[in-house]
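Novice: First to last, the protein sequences are chains A and B.
If you read the first sequence in the working numbering, its first letter stands for residue 1, the second for the next number, and so on.
If you read the second sequence in the working numbering, its first letter stands for residue 1, the second for the next number, and so on.
Incorrect hints may appear among the rest.
[Stated by the list, open to error] Quick list of simulated restraints, FRET-style, between CB atoms: (1) HIS230(B) - MET74(A): 22 to 30 angstroms; (2) PRO120(A) - ILE138(B): 47 to 55 angstroms; (3) ASP25(A) - ALA229(B): 38 to 46 angstroms; (4) MET139(B) - PRO120(A): 31 to 39 angstroms; (5) LEU149(B) - PRO119(A): 36 to 44 angstroms; (6) ALA229(B) - THR79(A): 21 to 29 angstroms; (7) LYS233(A) - ALA229(B): 24 to 32 angstroms; (8) LYS233(A) - SER81(B): 39 to 47 angstroms; (9) PRO125(B) - VAL187(A): 35 to 43 angstroms.
By construction, these hints were calculated from the structure, which means they are not laboratory data.
Fair warning: this is a prediction, and the values are worked out from it, not measured in the lab.
Built from N, CA and C at the ideal position, the CB exists for glycine as well.
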Amino acid sequence: MGYSAKFKVWRGDDEGGALEDFDVDVNEGEVVLDIVHRLQATQAPDLAVRWNCKAGKCGSCSAEVNGKPRLMCMTRMSTFDPAETITITPMRTFPVIRDLVTDVSYNYTKARMVPAFAPPADLEPGDYRMAQVDVERSQEFRKCIECFLCNNTCHAVRDHEDNKDGFSGPRFLMRIAELDMHPLDTVDRRDVAVEDHGLGYCNITKCCTEVCPEHIHITDNALIPLKERVADKKYDPLFSVSSLFRKATGRDKAPETPKG
Amino acid sequence: MATTGVDAPGRAQIGASTLRTDRWWIQPAFTFGVLTAFVVYSAWRVFSGQYYYASPYVSVYFSPCLATDCAEGALPGGPISWWWLSPALLTAWIPLTFRFSCYYYRKAYYRSFWMSPPACAVSEPHGKYTGERRLPLIMNNLHRYTFYLALLLNIMLTIDAVLAFRTPNDYQWGYVGVGTLILTANAVCLWFYTLSCHSCRNAVGGRITHFSKHPVRYKMWTVVSKLNAHHMMWAWISLGTVVLADFYVYLLASGRITDFVFFTV
Ligand code: SF4
Ligand code: SF4
Ligand code: FES
Ligand code: FES
Numbered sequence: 001m002g003y004s005a006k007f008k009v010w011r012g013d014d015e016g017g018a019l020e021d022f023d024v025d026v027n028e029g030e031v032v033l034d035i036v037h038r039l040q041a042t043q044a045p046d047l048a049v050r051w052n053c054k055a056g057k058c059g060s061c062s063a064e065v066n067g068k069p070r071l072m073c074m075t076r077m078s079t080f081d082p083a084e085t086i087t088i089t090p091m092r093t094f095p096v097i098r099d100l101v102t103d104v105s106y107n108y109t110k111a112r113m114v115p116a117f118a119p120p121a122d123l124e125p126g127d128y129r130m131a132q133v134d135v136e137r138s139q140e141f142r143k144c145i146e147c148f149l150c151n152n153t154c155h156a157v158r159d160h161e162d163n164k165d166g167f168s169g170p171r172f173l174m175r176i177a178e179l180d181m182h183p184l185d186t187v188d189r190r191d192v193a194v195e196d197h198g199l200g201y202c203n204i205t206k207c208c209t210e211v212c213p214e215h216i217h218i219t220d221n222a223l224i225p226l227k228e229r230v231a232d233k234k235y236d237p238l239f240s241v242s243s244l245f246r247k248a249t250g251r252d253k254a255p256e257t258p259k260g
Numbered sequence: 001m002a003t004t005g006v007d008a009p010g011r012a013q014i015g016a017s018t019l020r021t022d023r024w025w026i027q028p029a030f031t032f033g034v035l036t037a038f039v040v041y042s043a044w045r046v047f048s049g050q051y052y053y054a055s056p057y058v059s060v061y062f063s064p065c066l067a068t069d070c071a072e073g074a075l076p077g078g079p080i081s082w083w084w085l086s087p088a089l090l091t092a093w094i095p096l097t098f099r100f101s102c103y104y105y106r107k108a109y110y111r112s113f114w115m116s117p118p119a120c121a122v123s124e125p126h127g128k129y130t131g132e133r134r135l136p137l138i139m140n141n142l143h144r145y146t147f148y149l150a151l152l153l154n155i156m157l158t159i160d161a162v163l164a165f166r167t168p169n170d171y172q173w174g175y176v177g178v179g180t181l182i183l184t185a186n187a188v189c190l191w192f193y194t195l196s197c198h199s200c201r202n203a204v205g206g207r208i209t210h211f212s213k214h215p216v217r218y219k220m221w222t223v224v225s226k227l228n229a230h231h232m233m234w235a236w237i238s239l240g241t242v243v244l245a246d247f248y249v250y251l252l253a254s255g256r257i258t259d260f261v262f263f264t265v
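With the rest of the complex left out, here is chain B (with noise of 0.2 angstroms):
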């Protein structure tokens, strides 16, 4: 055991990295699990680059589809000609980088990949720690930026669940199938995921002192507060719905399944 660790000198010198009795690596090991598959399949879509548009539902990873070979029907299509790789590489670190420097994620992978720390009072196995004050890590700081994209791809991805709405081959609208409502289900979970953000948080309402001084920002502080709370839920859910809008419009796409219409004109 380190002597700088929980037996520093000076300390009750327990000899042991923790007396937990409980199964506290429960949580760290699934947050690795899930978090692991995520990033895999994550990767293998994104780089694959097909199997992306079955009309009328677009994948989530690939919109908006900036390249002008983006498949028939990804909007929008353009204006990037001299793309050669996965259109979905356009604008994939977007979302990528949004939960990387999200709060929550921050605490899910420091704990279960740095194991820094696993789990509280469990010793973590590191000699040094200097937490977010050096690059790369200070770089979460700028979490914010990557709040203020991801609205703007929220917009989109909510765009795309509207189009879902309109029939595969003329486009009439009127018409629900599964995907239409997994897609609007996933567009609304990130739009809580989103607006729950701790800087969103911040830039509503909580960078000010005197709340009274501004009741329409106090309100809007308290609304998001309230979703803020349930941050770390949102989170788990969308990367789910996520997955789901993806994977189910690759079975379309890929010719595996068809779609179950519920309704259409």
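With the rest of the complex left out, here is chain A (with noise of 0.2 angstroms):
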């Protein structure tokens, strides 16, 4: 059963732009996204979006669909009124490069500042053996599909611009976080998650948790354990007393062996 939905589609460039006004028909079972390449096809054939799985696991199609971020590939037409007026734009946060596409190498400079996965130095690639329930916690993060919308929604960034340098977001906090539970990872990440990554700026508010589409529990799996982790190190005077016995007894870690 189709009806005739109305569509406002931000439309412009890093000089400016504006919401336009679109009628386009609707099918049943349709996702927003069919409703743009209705729009490329019939009215708008200029319109840029981009996409290549329309099946919620390449996080192309990352856009704001009635202010909310989200898949386009993912949201149903279902879940509107068919009276009510539906607004897409491209994500906020990162620069627009032309209508609903945008410029994410922010992600991509930050996801190289992390330090990479370091195994025991004398453990060839072909002997890593670990336990399921070493490396169940960090497999949760493995969903993610790089849609960057948690990044685009947490307002330590979205909010202000001047954030970006010292701020990597979500995303990259729950990188850390994951190589940090790492049962063979060697590198102690607690200062870099704070120094270059800022995990001090994020406020826990669950924003990125709330728009994940693999539904990963960012803020209470991640970043709040990242923030005890870090707080056992940098904050709480006790637990550093208590390490510095171990070290003095020798009980402590040597460096190279993986994290107790």
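Bring the two chains, given one by one in their own frames, into a single complex with the hints.
Specialist: What follows is the structure in structure tokens.
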């Protein structure tokens, strides 16, 4: 059962732009990305949009629908009232290239700053052995499709361009948490989390978790545990004393062995 | 609109602080209202310093009662003899700092009081934002200490709940009034709230990297993680039971009602 829906789509580039009105046919079972494709096919052949899989797995079609950061291919038209006007804009935290396409290179810059996975030096790649219980926590974070909706929604950078230098956003703090919990990683990542990636900017208001299309519990399972691990090392006076003691008595891990 | 915000140069010039069409403001407004009411009510009770003991019940805000001039029956009733203000002030800072530095309440007040942000994808009204990197908010990193203190406090409140099973006049075991049930429910809810804490989750096992080498702590972490998923719910429920437990004692102690007794020896 089809109907004609009212859309407002932001069109423009880094010089300026505006919301443009469209009336578009909608068929049963369609998602917002289908409508954008119909717009391209009928009324706006030069409308720029980025997409690949149409299955919520490539993370390309991130945009904002009625002000909510979402994947266009996973936003069903049936969730809207047929009478309502649906607004589509590009992500509002990254520089716009054209129409719905933004320049997400901020994310790649931050990704490159994360120190790489560092297994023990004497362990050959074929010899990695890990118990399932030890990798389970970080496996949740591996579901990430790098849509960057979380980084787009985090107010620390969304509302404060000047914080982009010091803050890597939830996606990459989660990556640091993943490696810090990894059973074969030998690097203590707690200082870089704070100093290079700005963990302290996060005020755990959970918007990253709210928008993640993979439903990863970013705040509860990555950011807060990372904050607690950082507190163990940097803020907890008793813990610092006890680890000094362990060092003095030789009970502390040698730097090249995996973390306890 | 500030040009450093969501319409900073280079970004799509949309010119609205949000395009959300749902009623996103309900949640922060509700949180603001309830937390404000809680703070006002607690301040009134804590500073009043009266109507906190109605045998066999003691108000949560006044336990442990550490001043020597505490009401008869409010334990331990000492050792601080020079205190001249409300005895609740000696201990009420513990639950206060525990809740203030709680990861859930932080989210709640950053959103609803600071509006940082008021809701997701809704611009915050501040020109500058430094998060939890400076004083005073960096102090929230010491949440674990308030957690340890809260554990001690819970032990005391559990003792209070057990003592509420005694008769009001001669302290004989075998008594169940409405207050007994309320105090017990409050203690149980506070345990759920406290044990579901993120610092607890880290302490019991979260900080370990090799769970396989620590099976007992892994088990504890698994249990706390399950509770932790409902931490927000316990935060709200226990907020309610604290007020209920105190208000019931207030009503009894000020003579406005009498306890309804289900069972007595
Ligand atoms: S929880 Fe932290 S990282 Fe996630 S959106 Fe909020 S402030 Fe950003
Ligand atoms: S964590 Fe979730 S929201 Fe963030 S990039 Fe990955 S899939 Fe997208
Ligand atoms: S097109 Fe791949 S996630 Fe939407
Ligand atoms: S009490 Fe809420 S996180 Fe500790």
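Novice: With reference to the structure, classify each hint as holding or not holding.
Specialist: Now for the hints, and whether the structure bears them out:
1. HIS230(B) - MET74(A): 22 to 30 angstroms: 27 angstroms, holds
2. PRO120(A) - ILE138(B): 47 to 55 angstroms: Given range 47 to 55 angstroms: violated, Cβ gap about 34 angstroms.
3. ASP25(A) - ALA229(B): 38 to 46 angstroms: 43 angstroms Cβ-Cβ, so the 38 to 46 angstroms window holds.
4. MET139(B) - PRO120(A): 31 to 39 angstroms: 37 angstroms, holds
5. LEU149(B) - PRO119(A): 36 to 44 angstroms: 41 angstroms, holds
6. ALA229(B) - THR79(A): 21 to 29 angstroms: Because 26 angstroms falls inside the window, the suggested range holds.
7. LYS233(A) - ALA229(B): 24 to 32 angstroms: Check passed, 26 angstroms falls within 24 to 32 angstroms.
8. LYS233(A) - SER81(B): 39 to 47 angstroms: Distance hint for LYS233(A), SER81(B) holds at roughly 42 angstroms.
9. PRO125(B) - VAL187(A): 35 to 43 angstroms: 39 angstroms, holds
Hint 2 from the list above is the single one not met by this structure.
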